[in-house]
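*Asks:* Each chain, written out:
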Amino acid sequence: GAVVSQHPSRVICKSGTSVKIECRSLDFQATTMFWYRQFPKKSLMLMATSNEGSKATYEQGVEKDKFLINHASLTLSTLTVTSAHPEDSSFYICSARDRVVTGELFFGEGSRLTVL
Amino acid sequence: GENVEQHPSTLSVQEGDSAVIKCTYSDSASNYFPWYKQELGKRPQLIIDIRSNVGEKKDQRIAVTLNKTAKHFSLHITETQPEDSAVYFCAAILSSGAGSYQLTFGKGTKLSVIP
Chain A
1 GAVVSQHPSR
11 VICKSGTSVK
21 IECRSLDFQA
31 TTMFWYRQFP
41 KKSLMLMATS
51 NEGSKATYEQ
61 GVEKDKFLIN
71 HASLTLSTLT
81 VTSAHPEDSS
91 FYICSARDRV
101 VTGELFFGEG
111 SRLTVL
Chain B
1 GENVEQHPST
11 LSVQEGDSAV
21 IKCTYSDSAS
31 NYFPWYKQEL
41 GKRPQLIIDI
51 RSNVGEKKDQ
61 RIAVTLNKTA
71 KHFSLHITET
81 QPEDSAVYFC
91 AAILSSGAGS
101 YQLTFGKGTK
111 LSVIP
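Protein chains in written order, with this note's numbering: chain A, 1 to 116; chain B, 1 to 115.
In isolation and in its complexed conformation, chain B is listed as follows:
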């Protein structure tokens, strides 16, 4: 089955600096890669996602890059703010129109943005 490795497990950055979280996956058939932000005691919220036919996607201060050959994808947060502090999860999903759907989450990265 799919295996998703996420690094680092904890990350502290100064406010205004950039943060990068990396994930690798094992199943080359995975075709959808979302990133979730989870604040303490709350539900994971989708912040950005990328599909396997795209190499990079950006939404304001957040970007995701995907390297299919190397089977890794990364989350980039620029100009970090204290409210970015949370746990971030990556996921690798194999989804087909025929109904097949397999998902695997990374173990999470606790991001702390220091004011």
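Here chain A stands alone, though its shape is the one from the complex:
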């Protein structure tokens, strides 16, 4: 099946710094990528939908200035957590929609962010 790669898998940073997470579709073109946040033992919470070449659409309650999303190409979307604080510590996962096979979603490995 299609592969989505997410990097880094783990990151520890100091409070106040910014962290960038990359999501790449390795063998297909993804017009749409999704970013989720997952708290321990909880469901996936959709943060934003990232469309190639246009601004991301954020879910209600998600600060767009805090979580910057860029989808510059059909294979890469990035999530930047700006001025990170300990409460931003979480598991962040991306998924990508295969533009050819309508509807199918493929997930990245996830990135565990710890803010000290």
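None of these hints come from the bench; they were simulated from the model.
Please note: incorrect hints may appear among the correct ones.
Said to hold, decoys possible - Here are the simulated lysine-lysine pairs, BS3-like style, with alpha carbons at most 25 Å apart:
| no. | chain 1 | residue 1 | chain 2 | residue 2 |
| --- | --- | --- | --- | --- |
| 1 | B | K22 | B | K110 |
| 2 | A | K42 | B | K110 |
| 3 | A | K42 | B | K37 |
| 4 | B | K42 | A | K42 |
| 5 | B | K22 | A | K41 |
With the hints as your guide, set chain B onto chain A.
*Replies:* Relative to chain A, chain B alone:
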């Protein structure tokens, strides 16, 4: 918008027994229903999916049924094994060739298979 309810939130079964997880959705326009298995700290993995023009799909020990009229779909795992223990998520997706794409996940079911 779409609302997906998933039950139960936790499920324990004896090894070899069957497990059933149910989801209901609210938007009759949703047309794609995948199920994901997520092990602790790992990515969700698609295990089976069904589209709205099909009522049932089976893949070895896993099956999914869809009742469009009642707007619910279920995951069935037979002959459960300890390695089936994980969190399972359902999702309802509205996907069109014109580019419209809306997805909603259920809250997940933690399945524990007891040896």
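*Asks:* Indicate, hint by hint, whether the structure satisfies it.
*Replies:* To see whether the hints hold, each was checked on the structure:
| no. | hint | in the structure |
| --- | --- | --- |
| 1 | B:K22 x B:K110 | holds, 13 Å |
| 2 | A:K42 x B:K110 | holds, 10 Å |
| 3 | A:K42 x B:K37 | holds, 13 Å |
| 4 | B:K42 x A:K42 | holds, 13 Å |
| 5 | B:K22 x A:K41 | holds, 19 Å |
The structure meets every hint from the earlier list without exception.
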